[in-house]
Amino acid sequence: GNSVTQMEGPVTLSEEAFLTINCTYTATGYPSLFWYVQYPGEGLQLLLKATKADDKGSNKGFEATYRKETTSFHLEKGSVQVSDSAVYFCALRARNNAGNMLTFGGGTRLMVKP
Amino acid sequence: ETGVTQSPTHLIKTRGQQVTLRCSSQSGHNTVSWYQQALGQGPQFIFQYYREEENGRGNFPPRFSGLQFPNYSSELNVNALELDDSALYLCASSRDSYEQYFGPGTRLTVT
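The listed protein sequences correspond, in order, to chains F and S. Each residue of the first sequence is one higher than the one before, counting from 10 in the working numbering. Each residue of the second sequence is one higher than the one before, counting from 1238 in the working numbering.
Rather than coming from a laboratory, the hints here were simulated on the basis of the structure. Just to be clear, a hint being listed does not mean it is correct.
[As the list claims (entries may be wrong)] Short derived list, chain F residues pointing at chain S, Cβ under 10 Å:
| id | residue |
| --- | --- |
| 1 | VAL13 |
| 2 | ALA62 |
| 3 | GLY116 |
[Claimed, not checked] Here are a few chain S residues that sit away from chain F, every Cβ distance over 12 Å (derived from the structure):
| id | residue |
| --- | --- |
| 4 | VAL1241 |
| 5 | VAL1256 |
| 6 | ASP1321 |
| 7 | PRO1341 |
[What the hints assert, rightly or not] Only some residues are given here: those of chain F computed to face chain S with a beta carbon under 10 Å:
| id | residue |
| --- | --- |
| 8 | TYR39 |
| 9 | GLY115 |
| 10 | LEU119 |
We put the CB at the ideal spot given by N, CA and C, even for glycine.
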């Protein structure tokens, strides 16, 4: 079946530090890949996406590249801010007999200190 | 453009009871998906409705059921509540198979 594995948190960084959150996946076919962010007490917000190999998704300074050869979709940001503190979820969407469901990783909590 | 809304925000129920959660999809969206997010975990897919028909289901027992209405709003019903059903329930809407937009969730506590 489909699965997503993320690095466990929490990840604690100082403001302006470089961020990497690792994500690898297992899927049949060619899934679309997503990063979602969840702020305290809120639902999920789509951060970025990539739909085919070598695509780079980017938004608000965050980037992730769809690497088919390593089945990875690592999230990066060059300089984090305190306001980036949240939980980040990597997800994939693959068409199967359960509809266009999203399969999520376990989430990685990011804490940015001033 | 109105986003995805869910009600109620919080709910406390007793084991064995039944609960109904509601979701209003974003304007123009015809597909609704429901997810269960246990504390400290990623969301798990429950089921999806497309144009009032169930379009896929995850590994949840039949006591989890749903409906989608002609205006594409949706309900999630859970019968015979168990303690492990305590979670954040997220609704997401989309137009066909495009990006899913999530609501703020309903926090269900079963005591």
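Verification of the supplied hints:
1. VAL13: holds (8 Å)
2. ALA62: Since the shortest Cβ distance to chain S is 19 Å, the answer is violated.
3. GLY116: Nearest chain S Cβ about 5 Å off; hint holds.
4. VAL1241: violated (8 Å)
5. VAL1256: holds (19 Å)
6. ASP1321: holds (17 Å)
7. PRO1341: The claim breaks: PRO1341 of chain S does not keep its Cβ more than 12 Å from every Cβ of chain F (closest is about 5 Å).
8. TYR39: violated (14 Å)
9. GLY115: GLY115 of chain F check passes; min Cβ-Cβ to chain S is 5 Å, inside 10 Å.
10. LEU119: violated (15 Å)
In summary, the numbered hints that this structure violates are 2, 4, 7, 8, 10.
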